[in-house]
Amino acid sequence: MSEAKNSPEKEPEKNAAQIFQEEFIKEVTGNGPKKRSRLSGMLQALIVPFLAIFTGLVLGGLIIILTTPEFYAAWAQSPLRGLGEAWNIVKTAYSALFTGALGDPAKIVAALESGEPDAIRRAFYPFFESLVAATPYIFGGLAVALGFRAGLFNIGVEGQIFIGAIFSAFVGYSVKGIPAVLHVPFAFLAGALGGAIWGFIPGWLKAKTGGHEVINTIMMNYIAFRLSDWLLTGPMKRPGSPNPVSPTIEDTAKLFRPFGDPIRFHLGFFIALFVAWLVYWFLFKTKWGFDLRAVGSNPHAARYAGMVVSVTIILAMSLSGGLAGMAGANEVLGVNFNLAMAFSSGYGFDSIALALLGKSHPLGVVLASLLFGALRNGATNMQLKAGIPIDIISVLQAFILVFIAAPAIIRTIYRIKLPAETDAGVFAGTWGGD
Amino acid sequence: MATTALRREVEIVSPTRKLVMGLLFLAAGFLVWWLFARAVDPEAVTKFGMTPGGARSTIPDMQLPSQLTLNILTILTLGVGALQLILPHGFGKRTNLALGVVSALFIFAFLTWAAAGKSLNLAGLMNTTLSKAVPLTLGALAGILCERAGVVNIAIEGMMLMGAMVGALVGSVSGSLWIGLAAAVFAGALLGLVHAVLSVTYKTNQIVSGTAINIFSTGITSYISAKFMQTNQALNNPGTFPPLEIPLLSDIPFFGPILFHNNMFVYSMFIFMTLLHIGLFFTRWGLRMRAVGEHPRAADTLGINVFRTRYMAVILGGMMAGFAGGYFTLGSVGRFDEVMTAGRGFISLAAMIFGNYMPFGAFGAGLLFGFADSLASRIAILGLRIPSQFLLMAPYIATMVVLAGVVGRAQIPAADGVPYEKEG
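Respectively, the protein sequence lines represent chains S and R. Okay, so the first sequence: first residue is 0 according to numbering that gives the first Met the number 0, each after it adds one. Okay, so the second sequence: first residue is 0 according to numbering that gives the first Met the number 0, each after it adds one.
The set of hints was computed from the structure by calculation and includes no laboratory data. All residues carry an ideal CB built from backbone N, CA and C; glycine is no exception. Heads up, a few of these hints could be off.
Said to hold, decoys possible - Covered stretches of chain S, going by a simulated chain R footprint (3 or more residues, C-beta under 8 Å):
hint	segment
1	107-117
2	276-289
Said to hold, decoys possible - Taking beta-carbon pairs under 8 Å as the criterion, some of the chain S residues facing chain R (in silico):
hint	residue
3	66
4	69
5	388
6	396
Stated by the list, open to error - Capping the alpha-carbon separation at 35 Å, the derived lysine-lysine pairs in DSBU-like fashion look like this:
hint	chain 1	residue 1	chain 2	residue 2
7	R	202	S	284
8	R	202	S	207
9	R	46	R	117
10	R	17	R	117
11	S	236	R	117
12	R	17	S	207
13	R	92	S	207
14	R	226	S	90
15	S	384	S	90
16	S	358	R	202
17	R	226	S	384
18	S	236	S	175
19	S	106	S	384
20	R	421	R	202
21	S	358	R	421
22	R	226	S	106
23	S	284	S	175
24	S	384	S	358
25	S	207	S	384
26	S	207	R	421
27	S	90	S	106
28	R	202	S	286
29	S	358	S	90
30	S	106	S	207
31	S	286	S	358
32	S	207	S	284
Just chain R, same shape as in the assembly (with noise of 0.2 Å):
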């Protein structure tokens, strides 16, 4: 077992990739020095706050004088390069990891340099992170749950949009959030049904499936928020979910009140991330439904019902998008926008590529998109001179590059988007 799974680690990496690598994280640290260490003024602290507002505990803000740390995070930074250059097979199997360190030290350092002499609440960013990158990742579940059984699903947004709309419109008319949200969440498992019946019943295009989904959600949603929900403010006042504490891990300092101090979706969000990420690589349930989205024809012959396991996964992936709706309305605005999920749809679909259809690495492109997002609100407080519309456009090239493979490709099950056809 041993050897083969050295031998496995052997050819995972490419002496192309691990040069590329190399390459890029001392370019990585290059940057550090070139853009931020040299630039910034010698003198200059910068000020991290590091509790976000309306927390209990309190820690004091941490000081740090702005070059000796970005000059300390350039050689970090550099040694990670250097690391991945001279060790025979680079980091392996951990390339990705070593990928996110270097990463998490760059925006560091960006950071490090933005708010040189002025003061940046660091946990209050954090929180912000947290909260965007919920509907984005639960966005990603419902896709990563779609596309693993071999349904390719745009819809997301539409499902978002009308688990939104009648999230809202429901709880606010019962009265109580949670029918508001087991509503959302039938709304979304229905469209999934539509989708279902079109894609694998029909095999219509799953693309133009997709999009009428989208058309349709789009336009319902509008029609009765204006018909009925902006002039009759009753039918569109669900509330939000309160914040939960939990107690004793919300008093760890720093990290307590951004992860433990957050409505139930945020917690809704870890929990369903490892049940799927279990489900999918440790359960019968999820080797089936992954064989059915490699090679659906194998898996048929195998006595897998093919139909049947894609109708389960596209409908499981409506609920999750109802779901991730239902976060606009009852766990963040507390009412009902049209349009309001504007486009997050389509960027949890990134997360999803860009997480390499992993339910870990979903949440981590969610953080990421997510972080962008939260900071490119920030940049006019900080007074730099970086567009935020270049901040917000980063995500995307992102995951374009991902996908056209230049810093590693991401894995796509084999029969994504590919109707199945029974035999005889």
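So that you can see chain S by itself, here it is in the shape it has in the complex (with noise of 0.2 Å):
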């Protein structure tokens, strides 16, 4: 409780990070303050991000550790060996992780060399596939970022992510003739327009009505199960599939591979990179960007300025679902083809740590995206090479989120000071609104 009492939150923003500023050139140079470089201030806003990396790392690893029963028989020795078996294992794990996340440098080398196009790909193959990892986290990332510079929380990211694949598997294999210039661009306006209207709900009951978002958008996630189930299973079911699953979409909706087989690439990561630039450019540089940001820093000022909040409330959750609802059309037209059951794979939650540890800007969106992609993609290799569950990828996740959410824990484990964090104007509110 000491440590929330002492840090700076209630100093004006400007103020707290020149004090920062000063005082961290000062222990780390030992010099008073010279050099306020624009590199320094970059270095700042990524020491916390880093910091809970690192340390979301060693957790991780703490726990591979003490689930290893090969751990204790060595422990049993002696203490030494232990430590020593300790290392081994967490080498072994975070090698694997590291080669299937970018690829094994060895492989890659050895590829190269031989200049056979077949074993470049394959060796080139997962750095490809931490790409296309990461296309859908940028979207849901993306999302939940530009909710929260609006002060909304958007927890419906996963609901919107199953309409906006519905949206496009529909245009995907039900519009035929059509050519892929055309075709692409429908069918994923398609998804983004179905995660459009499924964000819309939620931020128009909140408009009018002052219904939380979270809640509903919650409660929307769980009407998005149900109605994909349902379509799934009944008008949407591939002709005669036993399974609930979409029928594959046509050939003029696939979004371009520009490498062979097996790199999966494709041109959904550079839309995402576009996408993310948009938003940037929106919220940046348009009044209706500046409009939303203000509105998401403090609604009363906002209104007081001659705002019209509840359009501006209403705006952010369509614009957000749209960009979730992206997400799914990327994994549709993109990756699988088709929709099946539970082809979303906890995108929703993923996507709020995302925004969180990419400060809501959609350049750090876009690396955080990078991260996490190549974490899932690199679990899966860990799970093969070293038997390791994927599932403490989701533990890594969790714990960089608390750090992120609560950089004070960072602060006191490092014994640093850093300055008051910045809200991105995230304010919970009560459910039923004010």
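Hints in hand, dock the two standalone chains.
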């Protein structure tokens, strides 16, 4: 509790940053406030996420060690051996994670030397697979981040992804005979529209009745699950298939894959980057974005300044849902080519972690998504090579989320002074609004 | 005293609400006639089984002429609606009760129509409803404990999952169901402590903290399950609490076997529910807790330790959620499966709101949601052409409607979700 009291949270934002910069530079260099470069500012912005990720990896390693029987066997012989065994366990696990995420350097070099296209593709496969895994994260993270900027907590990304996927799958398989140049954007935007509808409803409810978006989006998630369950066992079921899966989409709706098999890397990644830039441009360069951020940081002031808060809330939730819907579209049009039950595994909650890790900034979200994508993809290899269940990644993500959300813990662990976190306007409020 | 009470009653019911409710009841009555009574075969007979499977005492099936029953139900529903409109203040404070009666009539009409010319085991349906309501109600009680003290807890799902896993694991290893259950409660308490540390001491956004606990629980339970419990079945075989029959009471026809022939989780639910209601509304402890949830600054001024109260509430809530989690492995399935709670923690949250943050209300909501769930699994048997998924959606839609304040708004603790900052 004393920690929270000591934190300079109540000081004005700019002031706190200045004080921190002075103290940080004093501590690091032993000099007074001389250089205040842009670089040091960026370093400071990165220090909490970096330490959070680092601490998360350490704690994850600890869990891996503590759940490996060999460690206890070695520890029984002598504590020193135990520590050696612990190191071995973590090394095996994390090197498998690393090579699974980025590729094995030795293999890459060998493949490049051999010059065989097939071998090269296989060597680079893990790296591209990480990008494929990161793509839906980018959309999902952007969705939550945009909501945060407007002071809204979109916990319904999971459901919006589902609805987006349903819409684009439907357009993907039912529309026939139009060229890819039209079909792909059509199907993709249909997904965005589906997500936007699913975001619009809680947004409208929030604006008109004050019903809190957290509960409403959670409810919308489950309605989406049931709806897709019904669609996939009924109207959208693939004829003749015993499983609840939609028909395969037309070739013209598939997102372009620049490399041959087995690399699944597709155009969606570039769309995600472009959309991230669009979100950046929207948030920081347009009047709409300014209004949105103003409502997010202080709705009362925004109302006083003549902004229409309710419209902004509805717009923000719809856009947020639309971004999430794109994640669904991306998965259907770029990776799976059909829609199956339970295809989206926890993207909704991970997206919240991503938005927080990326500080609700599109660039931050992209970087965080690349990291999470790499972790998720590498974990598959870790499961294969080291026998560590892939679920450890969720544990890691939870730790990272906690440390990002409560930087005071990081401050306590590492005994460093950090600037007061500028909240991205996330305000829970009560379920019924005020 | 009497006059103030009377005046309050007048104030509580707004004329619009009275009118809306009255029209709603009439609409329900009309629907009963239009959808069910009109559509049923005049000769059909509805057969309701009155004994759940496995019960000792049996009573004969109830045979009802479908159309006559439905006509009577129509008249009853319309009667309630007419009374609501004709009486000067409608049903006043008892409007919610009237709403409950109308809902019950409507549901009974639906069942009569659905089972016309067929047979439906009503007692079995009630029995499944009750057992499906148990985790929802317990989870909602966990939510009430936290939110009445002003801490939003969306981590009920994660706490339940953790309780389920730990309960199964410890129960199997120790060979004792009670030790397993104690461990489940303890695991819930630990997660509650984490939630309290993050959201009370560090003032983290409570939704973020809850999300982190949910992600963590999903990850760690699946991890341990995949690593140990699936490969070694001895670690995942705790067994379940046997049903306890309460003598005499279980011999009551119809209700006896449904209510008094259950395992101890069902009885615990009733006990906890009652205790929490008494605790919240008739003790100093409850008054303090509600004060902290409504206006922490005022409570602090009066010398109530806001932080300690919130810690206690969130940890107790965690224990309750852990107990609810124990139900899945030790009370129902007898085995832990990955992500076996399947979103019931979130439905608990809905039940809590639906039940207006009241223990008995939460139980009512739990029953309603459990009913939708158990009816959905019987739709195929009855040969209805309504997709069961739409029935399963109903609880969520109903919660959104309640939240929107269309049919009376839930009374939410005023400081729910707002971290408390001590001044100075």
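Hints, one by one, checked against the model:
1. 107-117: Answer violated; 0 residues pass the 8 Å Cβ test.
2. 276-289: violated (count 0)
3. 66: holds (6 Å)
4. 69: violated (13 Å)
5. 388: OK, holds: residue 388 of chain S within 8 Å of chain R, min 4 Å.
6. 396: Cβ of residue 396 of chain S sits 6 Å from chain R, so the hint holds.
7. R:202 - S:284: Holds, because 32 Å separates the two Cα atoms, which is no more than 35 Å.
8. R:202 - S:207: With a Cα-Cα distance of about 29 Å, the restraint between residue 202 of chain R and residue 207 of chain S holds, given a limit of 35 Å.
9. R:46 - R:117: The given pair, whose Cα atoms are some 6 Å apart, holds under the 35 Å limit.
10. R:17 - R:117: violated (39 Å)
11. S:236 - R:117: holds (30 Å)
12. R:17 - S:207: Cα-Cα ~22 Å, so holds.
13. R:92 - S:207: holds (27 Å)
14. R:226 - S:90: holds (19 Å)
15. S:384 - S:90: Measuring from Cα to Cα gives roughly 12 Å; hence the hint holds.
16. S:358 - R:202: Since the Cα atoms of residue 358 of chain S and residue 202 of chain R sit roughly 17 Å apart, the hinted pair holds (cutoff 35 Å).
17. R:226 - S:384: holds (14 Å)
18. S:236 - S:175: holds (18 Å)
19. S:106 - S:384: holds (16 Å)
20. R:421 - R:202: Given pair residue 421 of chain R, residue 202 of chain R holds - Cα atoms ~11 Å apart, limit 35 Å.
21. S:358 - R:421: holds (27 Å)
22. R:226 - S:106: OK: residue 226 of chain R and residue 106 of chain S at ~30 Å, within 35 Å.
23. S:284 - S:175: violated (39 Å)
24. S:384 - S:358: This hinted pair holds, its Cα atoms lying about 34 Å apart.
25. S:207 - S:384: Violated - the C-alpha atoms of residue 384 of chain S and residue 207 of chain S are around 53 Å apart, more than 35 Å.
26. S:207 - R:421: holds (33 Å)
27. S:90 - S:106: Holds: residue 90 of chain S and residue 106 of chain S sit about 19 Å apart, inside 35 Å.
28. R:202 - S:286: Holds, at roughly 32 Å.
29. S:358 - S:90: holds (31 Å)
30. S:106 - S:207: Violated. Residue 106 of chain S to residue 207 of chain S sits at ~58 Å, over the 35 Å cutoff.
31. S:286 - S:358: holds (21 Å)
32. S:207 - S:284: holds (28 Å)
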